[in-house]
Each structure stands twice: as C-alpha cells, then as structure tokens.
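J.: As a plain string of letters, each chain reads:
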Amino acid sequence: MPEIFIDGQRYEFEEGDDRGVLQFILDQGKEVPFFCYHPAMSAPANCRQCFVKAGTPVKDRETGEFELDENGERKIRWFPKMQTSCSLGMQDGMVVKTQESDEDVARAQKDTMELILINHPLDCPICDQAGECPLQIQTYKYGPEGSRFEVKKQHKPKRVELGPRVTLDAERCINCTRCVRFTDEISESHQLTIVQRGDKNYPIAAPGREFNDPYSLNTVDICPVGALTSTDFRFKARVWEMNQTPSIDITGGKGTNVDLWTRDNLIMRITPRFNGEVNDHWMPDAGREAYKRFNENRISRPAIKLDGDNQSKTSWNNAIETFAETLESHKPEDVLVIGSPHASVEENFALMKVFNLWGVNNFKFAPHIEEGAGDGFLITDDQAPNTSGVKLLGYEESNDLSSEVSDAEIVIMLSDELIDRGTLSKEDLKGKFSILLSTNECETAAVVDLVIPVTCIAEHAASYVNVEGRIQRSFPAKETKYKDRSLDLEMNQGRLDRFGTNFDNWVTEENKVDCVPAWEIMNQLADRMGLEVKFGQSREIMEEIAGSNPAFENVSYERMDNEMGINLNTSNKQEATA
Amino acid sequence: MEETYEFTKEDLEEIEGIKAKFPEVMPATLPTLWVAQRRFGHVEPPVQRLVAETLGLPESHVHGVATFYTQYYKERKGKYVLDVCTTTSCQLCGGYKMLHYLEDKLGIKAGETTEDGMFSIQSVECLGACGYAPMMQITNDVYVNNLTEEKLDKVIDSLKEGEMPEFESVGMPLLENINDK
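In order, the protein sequences belong to chains A and B. 280 is the number that the working numbering gives to position 122 of the first sequence; each next residue is one higher, with no gaps. 959 is the number that the working numbering gives to position 84 of the second sequence; each next residue is one higher, with no gaps.
For reference, chain A alone in the conformation it holds in the complex (with noise of 0.2 Å):
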C-alpha cells in the first residue's frame, strides 16, 4: 500500500486515493491552517496558507532502489518551493512537513497571514463572523502578533446587499472564491465573480442582478471571514452566547441535517450540519426561516369554543377533559384522525395507537406536494418533512379529505395546517366537532372547536423519514414551561444558559412555550379514558415502534445518533438478503 511520511510519522493511503495532502492531513485529525480550500469544491490555491514542505524519494535509476543518505536515511529530493497542501496530490513514498515539524513552514504560513491581514479591517468587535472565523482562530493560532503595514488599508464597499438574503462587507474579504465556486460548482447559479483585482478585488453579482440564487446563504456559512453575512441574522447574536442542537429541516421533504442556534430560548438562526448521504454541507434558504415558526405566533396553553365562534383558552385539564367527554358522546366510528406528514413519527404512533385502542379505524392524511417546486438538489416537491414516516406507520393517504371529513362527526387532526394549505376548507369543519393538536397560530387553529398546542421540533426529540426513506431524528433546543434545561440531559446549555439564573435581565420567561409533546397528551387522554397505554420519552415511544412495525426494525436514536440517521429502504432490504 502506498505510503507517505506527515511530520515524520508513517501513514497509508489507498492507491488511486485522490484526495489532497490537505484533506488528508486533516482526515487524520491534524492540522494545517487553510482559507479557500472547502472539502465539496475545487482546491484553486489562492489563499496560499495551507503551505508545507513536500518531497519525494530519490530512486537510482537502473535498481529502482530508494538511495539512501549515510545515515541508511531515503534521500528526500525536496520540491524547490514549499507546496500549497491543498491541491498537491499524495505520492507514494512522499514527505511533508508541516508547520509542526519545520519552522520554515511554520514562517511561511505567518507571513501569508500578515499579508492576508494586511488589508483586513480590525472589526472583530463588531462583526458578526467573530467566535467562529476562520481568520480570527488561525490568526490566534499562527498568524503574526502585529502587523507591520502602517499604510493606510484599502477601503472597499460596505453593506453591499449582495441580493434579498445576503448583505457583502467587502472590506473583510480576503478573495478565497469559496462563495463564487459555490455558485458555479455546488448550486451552479454562476451568479458570483471576483471583480476588479489587486487588492481592490471583492466578489459581487453582475451590474443589475440579484444574488438571488435560493442557495445564496450557504455562501454565508463557507465564508472564511465576515465578509458575507446573512441579513437576516446580522447584529442578531454573538456566536458564543448561543448554544447549537443538532435537528432536521422541516420546510421539505429532503430531511436535510441543521443545527438550532438558541439563545434565552429562541432560535437565533439555522444552519447546515454536514451529512453525507443527505444535504451535504448545505441547505437551501428557505429552510432558514423556520426559525420564526419556532419562536412566533406559538400556540401557548389550550384554547376552546365556549361561545360561538369565540375561541378563549383554557386550562389542561378543561381540554383534556373536554376530548375526553367529546369522544365519549360519539361512537369510535365517527371518528376521523388526520396524521400529519409535518409532525414526527412518534406523534402520529401515539395519536394512532390510542385511538385504535379505543376502537377508532379510519386513520387519514394529506401529502403536501407542490409539484415542481423541487429541483433535483435539496428542495423537493414534498413540502413536509415525514410524508414517508406518515405512510409508513400506516396513516391512509387521502386526496379529497374533506369528503372524509364530512363523513365524520369528530375530526382530530395532529399539526398540519390543512386549512392554510387549502386542503380543507372552513365549511369542511362545520357541524363536526374539529380537534387540532398544533403548534402554531393558524387558520385552521382559528377555526376549530378545541385547539390543543404541542411542541415542535425545536422543542422534542423525534424523528422523521424523508422522501428517500431516511429516519433521522431531532433534539430539543427550546425548553418548554415543564421543561428544563440543566435538566434535560438531551439538552445543550449555552454560556448563558449555563451560568444565568432565572432572575437575569438576559432570561425571557414568555419564550418558554405553554405545550406538551403530543405523546403526553395522549398519555392523559388515554389516563382519563381509562386505556391502557403509557408512553415514556420518544426514545421509548421509538423502540416500541421498532418492535411492532416491521418497517422500523431495529431503528434507535442510539443507530440514528450513531449513524447519522437510518435508510429503512436498504436496511430492510439487507436484512432481507442476509
């Protein structure tokens, strides 16, 4: 196998391996300093940081033989200028060294850094890429403690709106072309270039275009300094005030991976989170605005028609014992309960199983596609994020619901705006008794005899199954009013999390949400009722439905955490030819 020699330590690598010395070096869990150089895109080698000292063996010609030093060492004919890592290709027997190992290098990497910074503003107090900056870190690292330019810095445009999304500092560009080869490799818009040059260069759109590639943010997140930033977000939050729980993006059918970035329990912004098989290390735009979903217009404790139209809330127990009795003056074969492709596997299990213990049979749900809105990356046309885990549990998919509705008398429908989305209409629901277990203000939530709020995905741990078939499951970011985050072990604290008290100026009580999980309240429907059901936590509510739906087999939030989530499709399909 060949081999190569990193700081004299031995590795192999497989022949035909094409990664660069870079990447393998950090594969390896070392480190080289790098700006322009991104994993899913072409190495073009203009930031020059990820310098090393690279060389390969002298071999005697006629023997093939390596020749050997005095000291019975290989003879190392060195490359005659040190080597940008990135784009120089592993060969067989090669040395390199890197600023560990050899001080040259390590000089070399610090004086492009004092060129880098040369016209580099010092904003870091203002700006909002400070706490997770390439730059800041590995100038921290290996840069220079000064500078020595005492000429005046290049002045470039400011507050630049790139397009609707993104906002250009071009002074704090350092020209790596990371976003332009986003737009022209990854979501190929070609909406970006570099212009003009020297050390007036920045990137921007074509004179009278919008950088409005529905992609453009992730350009946002590869950015290796503040150059780019979100407009949304800009001045929102400092990085380190916030805490990061993994989760999944519910605005498509793709289950692209994200991370919720929460402060005084709000969703500050989301990001991608890299995976692979799914999204890679993107996301589409759109899936950034949920965020609002999580923290505005949330339903907080129940509401119920007392008077007329009027809806006021109500307490827990009026609501719980308000289903209950509704129920009970029906028979279960009025009964119609609408899954939701928008709520999680384990909602739609444990509305399913109490109600079909109870005898009702007639399990609906609307798929909410839009056809053509998808476009072969990572925006489907399945607006919802489990329209496959809805199926799979056994929830009948229906295309003319309202039909269904009117042969109803009792409508139980589990968060999904059918209403908004026009699926069903406002007449559907009169004369029937509606329930809806929602998370948010809505028409339809507006509309119904009993609304009941439950937590969303930023709130619990569940899981969802994308249009692939891929069961990938969430944490929860947001406390609740019964939750608790010090608590929680699922849950990560921030700084100010950590070492805030309730009574802190900076600790919000209205953002905690007045919702229970819909499994909990199926719990205390099912107590009132007298069923024998109890649900535990979601991770319980998963390992039953692993053990009684032969399409969940063997799924775990142990396997989803361990393996970045699970493909029934081929794992079923494994078991199958094993």
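There could be a bad hint or two in this list.
[What the hints assert, rightly or not] Lysine-lysine pairs mimicking BS3-like chemistry, simulated, CA-CA at most 30 Å apart:
1. A:K394 - A:K641
2. A:K450 - A:K641
3. A:K549 - A:K588
4. A:K314 - A:K394
5. A:K584 - A:K450
6. A:K311 - B:K949
7. B:K972 - A:K311
8. A:K471 - A:K639
9. B:K952 - B:K984
10. A:K310 - B:K972
11. B:K1035 - A:K316
12. A:K450 - A:K394
13. A:K394 - A:K549
14. A:K358 - A:K239
15. B:K1035 - A:K311
16. B:K984 - A:K358
17. A:K239 - A:K188
18. B:K1035 - B:K952
19. B:K949 - A:K314
20. B:K1029 - B:K954
21. A:K188 - A:K268
22. B:K954 - B:K984
23. A:K268 - A:K233
24. A:K394 - A:K639
25. B:K1029 - A:K310
26. A:K358 - B:K972
27. A:K316 - B:K949
28. B:K1026 - A:K358
29. B:K1026 - B:K972
30. A:K358 - B:K954
31. A:K463 - A:K522
32. A:K316 - A:K450
33. A:K314 - B:K1026
34. B:K949 - A:K310
35. A:K590 - A:K489
36. B:K949 - A:K358
37. B:K984 - A:K316
38. A:K233 - A:K217
39. A:K471 - A:K692
40. A:K314 - B:K1035
Don't read these hints as lab results, they were simulated from the structure. All values reported here derive from a predicted model rather than from experimental measurement.
Knowing the structure of chain A, use the given hints to seat chain B on it.
T.: Coordinates of chain B only, in the frame set by chain A:
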C-alpha cells in the same frame, strides 16, 4: 431607458471565428469584449450582458473579466483616451508634469472626459516603454513617446482634426552602434 445593443452580422461572424480558435467558450471572452468595445466604444454593463448572451457565458463571469482589465472601458470615454504613464521611469522624467499640463490644457482631471466628448485623460501604470519616457498611449493604440509640452500641443491639435499621430518606431540601439561610439 437603457440603450439596447446588438452586434452586427459581421461582428457575429468574427465572434464565431474567435470561438472556433479555442476548445472552450470561456477563453473567447477577452477577444469578444474587444469586438464589443470596438463596436460600441465601451463595455458598460448592458454591453457586458450582450457579450455574455452571445457567448452563452454567465454575466457575472464577463463582468469579472471586464473589470479586471483597465483597457476595457466600463464607462463611456471620450473619442480619444489619453493614457499618460506615471510609473517610475516616466514619473522621474516628468510624467506627472505632462499629465498636469494635459489636465490644464483640456480643463479636466485625470479620469474625466471633456464636455465635447473628444478627450479622456487617464493616469496609468507602466506601459512598457520606459526607454522613451515620458510617454502616453492613445485609446489603447498608438504610443506617443518622449513627451514635451510642445509635442502634446501638436498631438492634441492633430487629434482635434481627426488625425491619429503616426506610430513612432524607436529602434533598439544596436550593439555595433554602441561599439562605434
């Protein structure tokens, strides 16, 4: 109202010829921008767009290329663009003096265009004719060498008449001539 630009049939034929020279379209950007600048006198954004459409390349790419080279005029210039060299050799031999003389004479600053649209003055970096400093180039074309105030007067007058000065060929000093001295 934005002006619309179109290549003539001859231009398009020429562009086809340019494209045929390269295995890919991208390298045809530079010569096609020259065709456009020759036709329209500038490569303002609508012209860049025309070039992009004609070649089937992203507008942003053509824009990036056009802004990289100072020889492409990203805004309208006068009929004659006087590029006065102010880099080291010319600077030492009076490049700035020539530039300021021109500025005073035409009543405009470097980077500006006269009201009648005849002249633009630019202060440019080295044009590679250090041996004949100070010098200037007219509209990316003829070099005028060894500038003096009188020579500038004459050049401006003849340009006003519509006559480009002759290209002054200054031979290299031959080795035998040097040895003769």
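J.: What hint numbers does the structure not satisfy?
T.: 11, 13, 15, 25, 28, 33 and 40
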